[in-house]
Amino acid sequence: MPKNPALIFLAAFLVNNILLIRYIGLCPFFGVSTSLNTAFGMSAAVMFVMILAAWVTWFIFHIVLVPLNLIFLRTATFILVIAALVQFVEMFLKKSYRALYSAMGIYLPLITTNCAILAVTFLNIDYRHNLLQATIFALGTGLGFALVIILFSAIRERLDYAPITRSFRGYPIAFIAASLVSLAFLGFIGLFGLSL
Amino acid sequence: MIQLRQMNKKSSRLKYLTNGIILENPTLILMIGLCPTLATSITVRDGLGMAAAASFVIIGSNVVASLLRRLIPATVRIPIFIIIISTFVTLVDYILQAYEPGLYQVLGVFVPLIVVNCIVLGRVEAFAYKHNVLDSMLDGMGKSLGFTLVLFVMGTIREVLGSGTFWGRPVTPAWFRQYPILLMILPPGAFILIGILKALLNKLMKPGS
Amino acid sequence: MSQSKVYMVLSLVVICLISAFALAQVYTLTKAKIEQAKIEAVMNALSQVLPNAISFEEKESSRVWFGYDKNGNKVGIVFQVMPRGYGGPIGTLVGVDSTGKITGLRIASPAEGLKETAGLGLRVREDWFRNQFINKTKNELRLKKDGGTIDAITAATISSRAVTNGVREGLERYKKYWSNDSTSPNE
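Heads up: the protein sequence lines correspond to chains A, B and C, in order.
Heads up: the first sequence runs through residues 0 to 195, numbered per numbering that gives the first Met the number 0.
Heads up: the second sequence runs through residues 0 to 208, numbered per numbering that gives the first Met the number 0.
Heads up: the third sequence runs through residues 0 to 186, numbered per numbering that gives the first Met the number 0.
Derived by calculation from the structure, the hints in this document are not laboratory data.
Since we're looking at a predicted model, the values are computed, not measured.
Relax, there's no trap hidden among the hints.
No farther apart than 25 angstroms at their CA atoms in a straight line, the calculated lysine to any residue pairs in the SDA-like style are these:
#  : chain 1 : residue 1 : chain 2 : residue 2
1  : A       : LYS94     : A       : PRO108
2  : C       : LYS30     : A       : LEU69
3  : A       : LYS2      : C       : ILE106
4  : B       : LYS205    : A       : ASP159
5  : A       : LYS2      : A       : GLY186
6  : A       : LYS2      : C       : ARG62
7  : A       : LYS93     : A       : VAL80
8  : C       : LYS73     : C       : GLU39
9  : C       : LYS4      : A       : PRO108
10 : B       : LYS202    : A       : GLY169
11 : C       : LYS114    : A       : ASN129
12 : C       : LYS69     : C       : ILE53
Please build the complete structure, drawing on both the sequences and the hints.
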C-alpha cells in the first residue's frame, strides 16, 4: 500500500474506489442515487462522518486499545464510535446549523450502517497509517464515494426516461449501469504505478 | 379445534424459515447484504466461507436479542443490538483467525464488516426484538439460507466462467482455462451478474407482458 | 420494561461488560492457536521450496532461512525476494541447495498480498512457470528474450521478468549462505 499521501489519495479516490472496485458501501448507493439532490446530500454527510470517524477511531485505537492490550475490542468500539458520532453530529446540526441539518440530516441515521465508514476505519489500522495518512485516506475514499454516487445519480435520472424491459427496470438496470462505470474505473489501474 | 390451531401455528412457524430462502431472500428481494455478496463470490469456497461466518452472526444475534428482548429498553435498543452483534462478529473473527487463516485472509475486511451487514441489524430490529426465541432462530436460519443460496449461485457462475474451476478443481477444458472470461472475477462482472439474476427473479415473480 | 434513565444506562453498561468479558475469554483461548497457525504457514511454505529439509532456522528476519535434515545437517537455504512486478512486490520464496541449484520456487498468493493482474501476471504462480526454475544455475536465470532459458508468460513480460531477475539477484546476494563455508564455487 502506498505511503506517499498523494498516492494514498489517488488510490482511495480512483484506483481502489470504494464503491466500484472494493464493493463497499453499496446498500445506500443504490437506494440514494436516484436523484442528484439526494446524492449530493448523502455524499456530504458521508464525507464528513468518514473523516471524523477516521480521526476518533485512530486515536482510540492507538491511545487506548493498543496500550491496554484490548485490540480484540476493535470491532465493537469502532462501530459504537461511529454510531455515537452520527448521533452527536445530528444533534449538533439540529441545534446550530438548521439549514444544513434539513439538507443532509435525513441521511445521517443511514450512515451508521454504511459499510464504507467502518471499512475506512479498519483499513487505516490494517495499512498501518499514521494520522496524516489516515486523514488523506478518509478524504480520498469519501470523495471517491461522492464522485461515483453523483455520477451515478445523473445516469439514473436519465435511465428513468429510457424504455427498459419490465424485468430489468429498477435495480437490474442500475446494476448493469454500475458495471459499465466500474469497467471504466478499472482503467485507472497502473496510474502512477498504483494497482488493485 | 385446538388441533387445527396447533397445525396452523406449525405451518406459520415453518414459514419463518422458508420465507428467507426465496420470497424474502435478503440479497435479491430485500436488497440488503449486497457488499459481501459481490465481494466474496469470486470463488465458491470463499463465498460459502463468508456465508458460514455471516450465518453464525445472524442466527446468534437473533437468538440472543430475542432472549433478552424483554430486558432491553426500547430507547437504547440499537446500541445494545450493535454490542450483541459485534460480540458475535469478533467471535467469528478470532475463530477464523485460529482455525481457517487462509479463508480469513481472503475475506479480509469483510469479516468485521458483517457487523454493519444490513441483514443482521435489520432482522434483529425488525424481527428478533418482537418474537420469541424459536421463531427468531428460524427467521435467522431462513435468511441465512437465502443469503447462502445467492452466494453459492454467484460463486459458481463466477468461478466456473471466470477461472474455469469449481472449488479450486478444474471443470472446464484446458483451452478454456487458458483464457477464461476474466470479466466474471472482476468488479464489473459481479455487477452484471447480480443485475441479470435480479432481472430473472423479477421475471419469474411477475410473469406476463 | 423500565423506562427510567438509570435502567437505560445500567442495561448498556451490563451488556458492555458481558460482551467485553466474553470476548476477552475468546481472545485468550485462541491466541495460542493463532500464533501457531502463523508459524505453521511459514513452515509449510519453506518446506515447499526445500523439500529435503525437515527443520528450519531463520537467519535473516523474513529473508533467509537455513534448512536442516533429520540429522541436523544443513541441506540448503531458503531466501525471500520481493521484486517489483506490474502491480506491486511479488513475494517469492526460493529454495537453494548447497551447490547453488534451485530446489523450488513459491510465489505469494493474492490472499497473501500479491497484486498481479488476474489472468496475466498472476499466472507466474502456475506450476509450469515455477518448475522452470528448478535445478537451474545463475547464468540460466534470464528470460529467453533476455538471453536465458526461462519462458515468460504470454503478455505478462513484466511480471515474468521481475520474478526471474529477482531470483537471479537473490541467488547472488545470498551466495554467502548457500555456498559451502570453506570454498566459494564459481557459478
